[in-house]
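A.B. asks: The lines below spell out each chain.
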Amino acid sequence: MMYRAARVAFTFVMMNIAAVAGLFWLGRGRGVWK
Amino acid sequence: MELLFWTSAALIAYVYVGYPLLLAAWARLAPRPPQKHQFPAGHWPSLSIILAARNESARLPVRIANLLTLPYDGPREVIVVSDGSTDGTAEAVAPFASRNEIRFVGVPSGGKPLALNAGVAVATGTILVFADARQRFTARALSALASNFADPQVGGVTGELILDCESGSSASSIGDGVGAYWTYEKWLRRNESLVRSTLGATGAIYALRRSLWRPLPAETLLDDVLAPMRVVLDGWRVVFEDQAIAMDRAAPDAAAEARRKRRTLAGNYQILAQEPRLLFPIVNPVWLQYMSHKVGRLIVPWALVALLVASIALADDRWLYSLALVAQLGFYALAVLGARLEARDRQTEQRFATKLPVAIGKEAQ
Chain A
1 MMYRAARVAF
11 TFVMMNIAAV
21 AGLFWLGRGR
31 GVWK
Chain B
1001 MELLFWTSAA
1011 LIAYVYVGYP
1021 LLLAAWARLA
1031 PRPPQKHQFP
1041 AGHWPSLSII
1051 LAARNESARL
1061 PVRIANLLTL
1071 PYDGPREVIV
1081 VSDGSTDGTA
1091 EAVAPFASRN
1101 EIRFVGVPSG
1111 GKPLALNAGV
1121 AVATGTILVF
1131 ADARQRFTAR
1141 ALSALASNFA
1151 DPQVGGVTGE
1161 LILDCESGSS
1171 ASSIGDGVGA
1181 YWTYEKWLRR
1191 NESLVRSTLG
1201 ATGAIYALRR
1211 SLWRPLPAET
1221 LLDDVLAPMR
1231 VVLDGWRVVF
1241 EDQAIAMDRA
1251 APDAAAEARR
1261 KRRTLAGNYQ
1271 ILAQEPRLLF
1281 PIVNPVWLQY
1291 MSHKVGRLIV
1301 PWALVALLVA
1311 SIALADDRWL
1321 YSLALVAQLG
1331 FYALAVLGAR
1341 LEARDRQTEQ
1351 RFATKLPVAI
1361 GKEAQ
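Chains as they are written, first to last, in my numbering: chain A, 1 to 34; chain B, 1001 to 1365.
It is worth saying that the hints were derived from the structure and are not from the lab. Glycine included, every Cβ here is placed at the ideal spot set by N, Cα and C. Take the hints with a grain of salt, since some may be wrong.
Said to hold, decoys possible - If we take Cβ atoms under 8 Å as the criterion, some of the chain B residues that face chain A in the derived model are:
1) Y1181
2) R1262
3) L1298
4) A1335
Claimed, not checked - Quick list of the computed label-pair ranges, beta carbon to beta carbon:
5) B/W1319 x A/R4: 29 to 35 Å
6) A/Y3 x B/F1280: 41 to 47 Å
7) B/P1276 x A/R4: 36 to 42 Å
8) A/I17 x B/L1233: 27 to 33 Å
9) A/F24 x B/L1022: 29 to 35 Å
10) B/F1039 x A/I17: 45 to 51 Å
11) A/R4 x B/P1108: 43 to 49 Å
12) B/A1013 x A/A5: 16 to 22 Å
Stated by the list, open to error - Simulated coverage check for chain B against chain A, where a stretch passes if three residues somewhere in it have a Cβ under 8 Å from a Cβ of chain A:
13) 1165-1177
14) 1246-1258
15) 1268-1277
Use the sequences and the hints to build the structure in full.
C.D. replies: Right, here's the structure in full:
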């Protein structure tokens, strides 16, 4: 249970860091495929 | 500092608790499900399924076969657009060339948005269906998407992307977190659809009326948000259809998921520059939802930092602030534990992947 909560917490933090990184990364994403 | 604390806390709480509760109540009190129905035989709209691909020759034969064999009572065409592929994509499509429903378009490498534009330019169907090479559609996908267009207010339909990690069967080292997030995200989309419109679509499976399509700018990062949101801004609804399913797997690890999220969030910033109308309630019919869901997600990271800073500064003032600081530190410690678990899982998988061929080789000897 705690391990699952830890994994979800990590994903949440990682996604929020990605949101900030996305702002700085914007403009360099041309041609990137999903 | 107290103002910073309470503003940040309120914003985070609204985005992740207040807005979902508001949405749930709204969807319960004033639901507006689309007036979808099965079309009479011979009256199903014609579909142009557009599959933009770059170097997907290994996946395309199976994918095209999947799209051709799905039950659908109306006419369909599958348009494969190769965006500067160098792996023999044209040859992979060649075996299907004798079939009238298959069309191949080769364009110089220019990115997915331009490939989609090229596909739409040659499409003849009333409804455009967008698909990717990697996923598979389930049997009812096409008819479920199309049936929503019986509602004259519906301009677009997004299907449901189901990830393997949602059922716990994923090999991804970040499957638990992504599965929880994706389940929550789809719940929001389902309810947003019920009150008016989803705020975008799932790139792996969505459909738009061809008459509403506007060519995408080359630099677009999120075609599956920009195109549907333009339809919404023009006064149409984009709805969620959970019977139209595409199956996929989660990103293999945290690094891959972080890259994907970084791109998605960058796209969410970009779209505000591409469509500033989204920020104005007079012209955006889903303004509250957009600000709460999409813009809120862009602000929350900064609010988290502000909340932590304010909590540290205020910790000595009152027990409430001390408690808030302890709670945040506890949460981040939990996240660090999650990061360690993810790293351990990834190493285990790599070791297993390295040893397995050797073991199989020894077995064979």
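A.B. asks: Starting from the range 27 to 33 Å, see whether the pair A/I17 and B/L1233 falls in it by beta-carbon distance.
C.D. replies: Given a distance of about 31 Å, which is inside 27 to 33 Å, the answer is holds.
A.B. asks: If you look at each residue in the segment 1246-1258 of chain B, do at least three have a Cβ nearer than 8 Å to any Cβ of chain A?
C.D. replies: As far as the segment 1246-1258 of chain B goes, the hint holds, because 3 residues have Cβ atoms under 8 Å from chain A.
A.B. asks: Between the beta carbons of A/Y3 and B/F1280, is the distance compatible with 41 to 47 Å?
C.D. replies: holds (45 Å)
A.B. asks: Could you tell me whether the CB distance from B/A1013 to A/A5 stays inside 16 to 22 Å?
C.D. replies: holds (19 Å)
A.B. asks: Take the C-beta atom of B/F1039 and the C-beta atom of A/I17, compute their distance, and say whether it sits inside 45 to 51 Å.
C.D. replies: holds (47 Å)
A.B. asks: Quick check on a hinted range of 36 to 42 Å for B/P1276 and A/R4, using CB atoms only.
C.D. replies: With Cβ atoms ~41 Å apart, the hint holds.
A.B. asks: Count the residues of the segment 1268-1277 of chain B with a beta-carbon closer than 8 Å to any beta-carbon of chain A: does the count reach three?
C.D. replies: Contact hint for the segment 1268-1277 of chain B vs chain A: holds, 3 residues under 8 Å.
A.B. asks: If you take the shortest Cβ to Cβ gap from B/A1335 to chain A, is it below 8 Å?
C.D. replies: Since chain A brings a Cβ to about 4 Å from B/A1335, closer than 8 Å, the hint holds.
A.B. asks: Just to be sure I understand the hint, the distance between the Cβ atoms of A/R4 and B/P1108 should be within 43 to 49 Å; is that true here?
C.D. replies: holds (47 Å)
A.B. asks: Between B/W1319 and A/R4, is the Cβ distance one that fits in 29 to 35 Å?
C.D. replies: The hint (29 to 35 Å, Cβ to Cβ) holds, given that B/W1319 and A/R4 are roughly 30 Å apart.
A.B. asks: Return the status of the interface hint for B/R1262: holds when the least beta-carbon distance to chain A is below 8 Å, violated otherwise.
C.D. replies: This interface hint holds because 4 Å falls under the 8 Å limit.
A.B. asks: For the segment 1165-1177 of chain B, do three or more residues have a beta carbon lying closer than 8 Å to a beta carbon of chain A?
C.D. replies: It holds, with 3 qualifying residues against the three required.
In this structure, none of the earlier numbered hints is contradicted; all agree with it.
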